[in-house]
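There are 2 protein chains.
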Amino acid sequence: MTAMRILIVHAHPEPRSFNGALTDSARALLPTIGHELIVSDLYAMEWDPVSDRRNFTIRADPERYDQQAEERFAASAGSFSSDLRAEMDKLLWADTVIFQFPIWWLGMPAIMKGWIDRVFAVGVAYGGGKWLDQGRLAPRRAMLSVTTGGGAAPYADVGLYGPIDPILYPIHHGILRFTGFQVIEPFIVYGPSRMTELQRAATLAQYRLRLMNLASAPTLPVIHAADYENFVRRQA
Amino acid sequence: MTAMRILIVHAHPEPRSFNGALTDSARALLPTIGHELIVSDLYAMEWDPVSDRRNFTIRADPERYDQQAEERFAASAGSFSSDLRAEMDKLLWADTVIFQFPIWWLGMPAIMKGWIDRVFAVGVAYGGGKWLDQGRLAPRRAMLSVTTGGGAAPYADVGLYGPIDPILYPIHHGILRFTGFQVIEPFIVYGPSRMTELQRAATLAQYRLRLMNLASAPTLPVIHAADYENFVRRQA
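Heads up: the protein sequence lines correspond to chains A and B, in order.
Once you know that position 112 of the first sequence is 112 in the numbering used here, the rest is easy, because the numbers rise by one and skip nothing.
Once you know that position 66 of the second sequence is 66 in the numbering used here, the rest is easy, because the numbers rise by one and skip nothing.
Think of the hints as simulated: they come from the structure by calculation, not from any bench.
Please note: incorrect hints may appear among the correct ones.
Because identical chains cannot be distinguished in the list, a pair is counted as satisfied if it fits within a single copy or across any two copies.
Unchecked claim - Taking lysine to any residue pairs in the SDA-like style, the calculated list, with each CA pair at most 25 Å apart, reads: (1) K130 to D66; (2) K130 to P163; (3) K130 to A156; (4) K130 to G162; (5) K130 to Y190.
Just so you know, these numbers come straight off a predicted model, no measurement behind them.
Take the sequences, apply the hints, and build the full model.
Here's what the structure looks like:
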């Protein structure tokens with residue numbers, strides 16, 4: 001097995017939650033099967049998710065704040081704040097990133113959305129016309145490992161929310177695939193708080209199995225940048 | 001015209017941005033046409049988007065943190081933290097809520113997602129089997145007013161991101177319609193930073209027109225809770 005460098009970005013306010021148990025399983029397993037592991041436990045780190053002027057130690061324009069322009073400047077001047085720099089270093093170190101979070105309001109908890117907002121800066125995660133399979137973060141791989149509050153019924157075709165794939169599309173496509181990740185099929189646990197202890201233990205075992213087979217886990221289709229470049233050129 | 005009580009939840013780190021101009025237009029217009037207006041300017045308020053123990057002044061369970069259980073307790077004990085209580089009061093006061101934000105990574109900036117995560121608590125915004133047209137926040141109305149970084153091309157049918165409606169679905173359906181809002185068609189400005197001054201002025205005029213006709217603006221289809229209750233019962 002090829003050794004991987006795995007970053008888990010973990011967001012849950014209670015360490016003894018099922019999200020905590022999933023990441024604890026990963027912490028116990030991954031180093032023993034030869035992988036390197038770093039965990040960014042966002043609540044434990046008291047990660048600040050608010051993207052603003054404080055992202056930068058020097059400002060390109062001290063008057064009017066244009067976040068993308070500031071990011072472009074900081075990427076060349078090396079002037080990202082130290083908390084951003086630390087997370088960017090982890091991201092660039094990793095070849096595989098796992099995002100562990102409970103789905104809140106059909107999306108990421110704010111603390112994790114703000115990790116993306118701040119760390120995925122122009123000149124680091126995207127920019128310069130590099131996207132999709134040509135993206136700056138290619139050929140990295142990423143996987144969402146998520147829990148839901150209720151059971152699976154709301155995510156049925158005729159359920160209250162509908163199927164989960166379109167719900168995860170903004171993350172899978174707009175964040176991950178856009179920046180160059182190959183997206184591993186998500187590991188989804190529906191309603192762990194409604195499970196028996198036995199069901200929870202079985203689910204943790206399934207997760208360990210997924211982690212052991214991470215290198216061969218199925219991925220979402222790759223989309224080629226060239227197709228969109230042609231499209232954009234036609235529009236221009 | 002019937003007077004409305006309008007809450008604008010505004011999220012942008014630069015007051016002189018186009019998002020700022022849109023909300024400034026609303027501030028100038030709405031009171032002059034008879035509406036009451038409150039603006040929650042999240043960056044100016046230094047809103048904390050991280051949902052955790054600090055949401056509560058008393059804890060139902062000081063050991064293990066179960067956010068929904070804590071919310072349920074706080075809703076009956078009146079023990080939400082003062083910053084949450086203030087925003088909940090505005091939400092319940094309003095009959096119309098406008099969310100003004102730039103689309104970052106196909107979603108809300110973290111500071112606004114965390115306004116939802118914290119303010120839309122069980123017992124306040126949802127819970128007790130009340131959802132969709134029977135939701136706790138019915139018969140309120142809500143509208144997204146959003147900007148994008150690039151132009152409209154990525155949101156074309158064959159564009160890099162694809163159509164914006166499915167991208168907004170987690171917000172429109174999972175947050176707003178779920179809690180009982182009638183969802184007004186979004187006001188979308190593609191790439192204001194790439195516009196000429198004249199185009200920007202014309203767009204602000206269109207926004208004022210939308211605000212003047214807010215009561216009759218088209219809404220997304222209402223979905224009836226009864227349909228899903230039958231479905232859930234069949235699954236149980």
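To see whether the hints hold, each was checked on the structure:
no.: 1; hint: K130 to D66; verdict: within (21 Å within a copy, 42 Å between copies)
no.: 2; hint: K130 to P163; verdict: between (30 Å within a copy, 21 Å between copies)
no.: 3; hint: K130 to A156; verdict: between (36 Å within a copy, 19 Å between copies)
no.: 4; hint: K130 to G162; verdict: between (33 Å within a copy, 18 Å between copies)
no.: 5; hint: K130 to Y190; verdict: between (35 Å within a copy, 21 Å between copies)
Violated hints: none; the structure is consistent with every hint.
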